[in-house]
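Whenever a hint applies, use it, and build me the whole structure from the sequences.
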Amino acid sequence: MIYNEEFETMPREALESIQLRRLQATVARVYNATPFYRRRFEEAGVAPADIRSLSDLQKLPFTTKADLRDNYPFGMFAVPMDNVTRIHASSGTTGKPTVVGYTARDIQTWAELMARSLMAAGTRRDDIVHNAYGYGLFTGGLGVHYGAERLGASVIPISGGNTKRQVMIMKDFGPTVLTCTPSYALHVAEVAGEMGVSFRDLKFKAGIFGAEPWSEQMRREIERTLNLKAMDIYGLSEVMGPGVSVECIEAQNGLHIFEDHFIPEIINPHTGAVLPYGTPGELVFTTITKEAFPLIRYRTRDLSVLYPEPCRCGRTIVRMGRIQGRSDDMLIIRGVNVFPSQIESVIMETKHFEPHYQLVVERIGTLDQLTVLVEVNEAMFSDEIKNLQSIERELERNIRETLGVAAQVKLVEPKGIQRSEGKAVRVIDKRNI
Amino acid sequence: MNVEQISIFLENKAGRLSEVTRIFEEGRINIRALSLADTSDFGILRLIVNDNEKAKRLLRENGFTVRITEVVAVEVQDQPGGLHQILTALSKAGVNVEYMYAFVRQSGQNAVLIFRFDNTAAATEVLRREGVPVIDGLDLYAM
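From first to last, the protein sequence lines stand for chains A and B. Mapped onto the numbering used here, the consecutive letters of the first sequence carry residue numbers 1 to 433. Mapped onto the numbering used here, the consecutive letters of the second sequence carry residue numbers 1001 to 1143.
The hints are simulated quantities; they were obtained by calculation from the structure and are not laboratory data. Fair warning: there could be bad hints in the mix.
[To be verified] With a Cα cut of at most 25 angstroms, we get these calculated BS3-like pairs of lysine-lysine:
1. 1013(B) to 430(A)
2. 164(A) to 229(A)
3. 386(A) to 410(A)
4. 1013(B) to 415(A)
[Unchecked claim] Pair by pair, the computed Cβ-Cβ distance ranges are:
5. 387(A) to 1087(B): 18 to 26 angstroms
6. 1106(B) to 394(A): 39 to 47 angstroms
7. 217(A) to 1087(B): 56 to 64 angstroms
8. 190(A) to 1094(B): 48 to 56 angstroms
[Unchecked claim] Looking from chain B toward chain A, a few residues come up when the C-beta cut is under 8 angstroms (computed):
9. 1011
10. 1039
11. 1041
12. 1046
13. 1063
14. 1067
Cβ atoms here follow ideal geometry from the backbone N, Cα and C, with glycine treated the same way.
Set out below in structure tokens:
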């Protein structure tokens, strides 16, 4: 099912001519409206007039998360605040979130793209969408919500948490489409099981899961235990939020990128060189319709691959493979972005510790568990258990307060953490994503 | 006069304890008494040995985290009520026992108790007043 036949099934040539026109307009606008971009373009020796074809996009400099951080909170906005109607934020790398803004038209665009996404995943007007993405600064909840309303479906704005109540509402209201993170989907199934509720008796036919990386194996597990078809959705608040790309229910094979609004590229994360279709690398997005927060060649750090072949669902837009990992070492723990360097600075700020640490991430049941291994040293070593345990609890508390993520701290013997020749192995991710 | 005890941090994984005993065997170090306190992820091995300096050096050379703690060793008759009398006196004086362990001497007549107090000086004073025989470190290492 296709929400916007015209744009989703447009011949390649026509699509590219629209993309070029929109790209040129965006580049000219950011050059004039955002001092950051003007400076960057000048440093790179490129002017808006140099963008004559889509391949000229490669002349433009990349934008990174560090740039957004340096311009915190509103420095990257390309419209005056009186045109901004919505502000969202995502967890950031230094405790400061990444802030994004939307004009009224941006919100309309986002609703349209989420309506396309929901329909691609099998949602119709007569469906009831159980939206368990968090509502708030996070883009997941409101993004899905506006899309479901645009489509004309009924939306239950349940948000995250209070899982038993969610199960009761699933039983009583009979929602047919579930939207949440994949790990939460499995958690709900587990809680439902404990309550004696089987998904066989619920009315779900489809689920749209995203906001964290997951695997084919996990898809099979979700489809089996929740008795529905599970589709992957991708988005990031910097680029817009959910609805940048989505899988179709017909093929469930790659996520269709809404190219009339975003131009994707795949680059070599080390050299920045653009890679051809079919070659894995880092995803880069340029927004070509956003007003409040346009982004030029934004490095997502997500690793994927692009497939240009038309899909059997009828869409002609390019597909991206499911996210294979990160080109930096960012971890996503229960939806919270965590960089090892952040944990490191908390360790260093907590007295006693030396900078030898390792992070172990496991999925226990359906929830992610982060364990921080740190080495004991003679200065902190008391021969009383309670003193060592209070050192562990202190670091756990500092990590929780600074990063908003629960971690378990474990003391290990000196040299208990393997030293490596080059880059230290800081992260052991056992989640099999 | 007091007794020095060696405490070693041990990760809770197979082979760590036997690594300590291997080091002692090779260094010809004799263990007089020991106790192992553990949590789910680490343990603390506490030992009285015949040569503290050598034991400490060998353990450090092998990468262990070691600490010397002052403990008090007393001798009680190996019969019912022996320990109770001591603990009652300490408790009356407001001295807290952080941990303790015991072993029986080869003669089998007396038990030796190793105490770690929150206040060693006050504890020693109570023991002296009660006439409890406190064992000198050097005697204990040579037992």
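Comparing the hints with the structure gives:
no., hint, in the structure
1, 1013(B) to 430(A), "holds, 19 angstroms"
2, 164(A) to 229(A), "holds, 23 angstroms"
3, 386(A) to 410(A), "holds, 14 angstroms"
4, 1013(B) to 415(A), "holds, 14 angstroms"
5, 387(A) to 1087(B): 18 to 26 angstroms, "holds, 23 angstroms"
6, 1106(B) to 394(A): 39 to 47 angstroms, "holds, 45 angstroms"
7, 217(A) to 1087(B): 56 to 64 angstroms, "holds, 59 angstroms"
8, 190(A) to 1094(B): 48 to 56 angstroms, "holds, 51 angstroms"
9, 1011, "holds, 5 angstroms"
10, 1039, "holds, 6 angstroms"
11, 1041, "holds, 5 angstroms"
12, 1046, "holds, 6 angstroms"
13, 1063, "holds, 5 angstroms"
14, 1067, "holds, 5 angstroms"
Going through the hint list in order, the structure satisfies each hint without exception.
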